[in-house]
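Could you fit the two chains together into a complex? Lean on the hints.
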Amino acid sequence: MEALLTLWQSTGIANVTWRELLMLLVGVGLIYLAIAKRFEPLLLLPIGFGAILSNIPVAGMAGPDGMIGMIYHVGVETGIFPLLIFLGVGALTDFSALIARPSTLILGAAAQFGIFATLIGALALNLLPGFDFSLADAAAIGIIGGADGPTAIFLASRLAPDLLGAIAVAAYSYMALVPIIQPPIMRALTTKAERGVVMEQLRPVSRLERILFPLVVLFLCALLLPSAAPLIGMLTLGNLLRESGVVERLSRAAQNEIINVVTILLGLAIGSKLSGELFLTTQTLGILVLGAIAFSIGTAAGVIMGKIMCRLSGGKVNPLIGAAGVSAVPMAARVVNKVGLEENHHNFLLMHAMGPNVAGVIGSAVAAGVLLALVGP
Amino acid sequence: MDTAVADLLIEGLWLMAIGLGIVFAFLAMLVGLLVLMSKAVARWGPEETLPAMTAGGHALAPPQDDARLIAVIGAAIQTHRRRHRP
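Which chain is which? The protein sequence lines are A and B, in order. Under our numbering, the letters of the first sequence match residues 1 to 377, in that order. Under our numbering, the letters of the second sequence match residues 378 to 463, in that order.
No lab work stands behind these hints, which were simulated from the structure alone. Just to be clear, a hint being listed does not mean it is correct.
[Said to hold, decoys possible] Short, incomplete list of chain B residues facing chain A, as computed with Cβ under 7 Å:
1. Ile387
2. Gly396
3. Gly398
4. Leu404
5. Leu407
6. Met414
7. Gly422
Using N, Cα and C, we set each Cβ at its ideal position, and we do this for glycine too.
The shape of chain B in the complex, shown without the other chains (with noise of 0.2 Å):
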């Protein structure tokens, strides 16, 4: 066998050795960070998190929001009470 190739060959399993050691390393500390950041989300951030998940989008809607839309009923009911009433 050819001494050059076996040179490049073993410079080859060196960059092979560093280079997956660096990539596993790497996507390592990504799941470190990323495990932190959930937990730091989860702990500090919003507490919008359940409403924007489910699956229809609008399912739950923000209180302020509920309150506007029990008025908007209570009126509706109002209005069609009085048309209604004999």
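Chain A with its partners taken away, still in its complex shape (with noise of 0.2 Å):
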């Protein structure tokens, strides 16, 4: 009888407590999510596998001495796996659009104004009862403006890692939201003219420009902002790896394998952080509201000054690209691509998109760096 009784003691059904459960179907929710909807699969099934294995109840899976808890410490509490991203961010990317016309590094960082209004929206709500953001917290939590994943989880690992999991998760899905999000604020902003705007091709660009390139943004980045060097380390090493051409299976490696083994691995350390003490509260209902509204600020942000650029440039920039300066590459260039066919049938804006695109992921690596070196420990 003692026997059975301990027998009991040990099982699930036993130990489980209404957070958990809550919990477990959070992580049924987001598998349910990536499947069916697909919702950045990718992140979100190895994310809700991770936060359902993290609250099975007595397995302690996410505890320091879990498997799970393991690969936190390893990968996210050092910040290598969304430096490892990086890298293979940078090879899969091609800066070319970028190089070509470099005025659109100015649309990448006026989207960045939504990761610095979200900050003081996040500071704001400590006016509510339920909230106690830190300077260090709303850092975080304005971040996710930034669009950027691997960049939002690299600075909350840095600034506050207790919010990491509800700012993880307020990324993706807000990433995975951009069809939805951005179109009707693009409309607002913007006339008839403007949408139908048709621009110049682009130069071609040559492969020493190509090589360069990801040194020349190393080197301003060593001389002026080294809190950033990480992150903009990273990606140029990767786009080093792809534009130098002699390091074939380098560059492979870092598109493929590493950046597949890492997403896995990211997903459910992630996942872990998804337990029931730490993101069934209101401040996660409260980051959840505030990276919608980072989102809408920073295409809002980019599609303004897309307008002054117009304006400066006699009407030979489509504002709309603006809005691809929230990084989100490149499912934020789609979406100005497929809001300027609405216009003009024949006007194709994906290619001039990718360049504030692109520059949308140096700008929130820059804005990073920036609240690293001025609210990091």
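Okay, structure coming up:
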């Protein structure tokens, strides 16, 4: 009888708490979104599964001695995983559109306004009961507006590890929602004539320029903003592997094997932060709301800067491409292309939007570096 | 309103001003450097820029390959003529 009781005590049913039960449901919900709705499945599926594993009662997989807890400790606490993802992003990204028209970098800078506006928003939430965000917390929440998953995870792991789960889930779910969030804002801020602007074709970019580009970016980062060096460094290394043309094997590994392996491990590790005590709080709700606002403000700021560039260039720039300044590569550029085609069936903006789009990646990495330098530990 | 929160907000506004300033300054400088880089490459860089970018990838072949190609084609024509000579 005693043995039976002990056995009962060790089952999941006897030990489960309502929080764990709810988080198991959240995990199942994320997996459902990934499989049935195709919402960022590459990340939400492992995150959802990680959430389920971490909330299995008694097993303690997310604890310091648990499997996922150790993955988190090695990869996320140290910031290694998001940086390896950045290596892959660099190897996957073609910066030619940006090199051909460097002025689009300014659009990528404007879209970072979303990050800082959200930071203020997070601090203002402190006026409501139940919220207690420090400056570091607010900075980590703001980076959701950069629409760049790895950057958000990197910064959150440095500044606000407790909020990491909510921030990562918010960042990736809003990236999946880019095609829904952006178009209404883009249409509201531009006139029909502006949306119909046809842009000049981009000039061809030589191989030497593409090889020098990552080195120039890294050089500037080393001179001015060493705190962004981990992010920019890995991005430019990945890009140099790609463009140098002499290390095909390494470039392919960064684009496929490395980024895929790390994506699985990163997803599991983030899932472990979806534990009941950390996730089921009013703060999470606040972060989800702020994330949506961050995206919208970033998009709006990009489009407005696009309008300014349109005026200054004498109507040669289509302001829609400003919306692609919030990284979310290549989704945001595709959305720009789609909205442009609605106005003029022969106006393909995809290549023009790739410039501000990849500029957004650099912009949000720079913004992360600034935040790390100013509020970092 | 809480003075603590007000202080935090003021600090946040400062962060926003400085942060956005640095982001813009950094990217504006990058624009300048990239323009300089492109100009330098156009002036001193190797002349291989155009062939690399043509749509087919091999629309223009380098001259020495041309000469070889002509030689090969010429030899092929000669062989053909020799074989079919009555």
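Results for each hint:
no.: 1; hint: Ile387; in the structure: violated (9 Å)
no.: 2; hint: Gly396; in the structure: holds (5 Å)
no.: 3; hint: Gly398; in the structure: violated (9 Å)
no.: 4; hint: Leu404; in the structure: holds (4 Å)
no.: 5; hint: Leu407; in the structure: holds (6 Å)
no.: 6; hint: Met414; in the structure: holds (5 Å)
no.: 7; hint: Gly422; in the structure: holds (5 Å)
Hints 1 and 3 from the earlier list are contradicted by this structure; the remaining hints agree with it.
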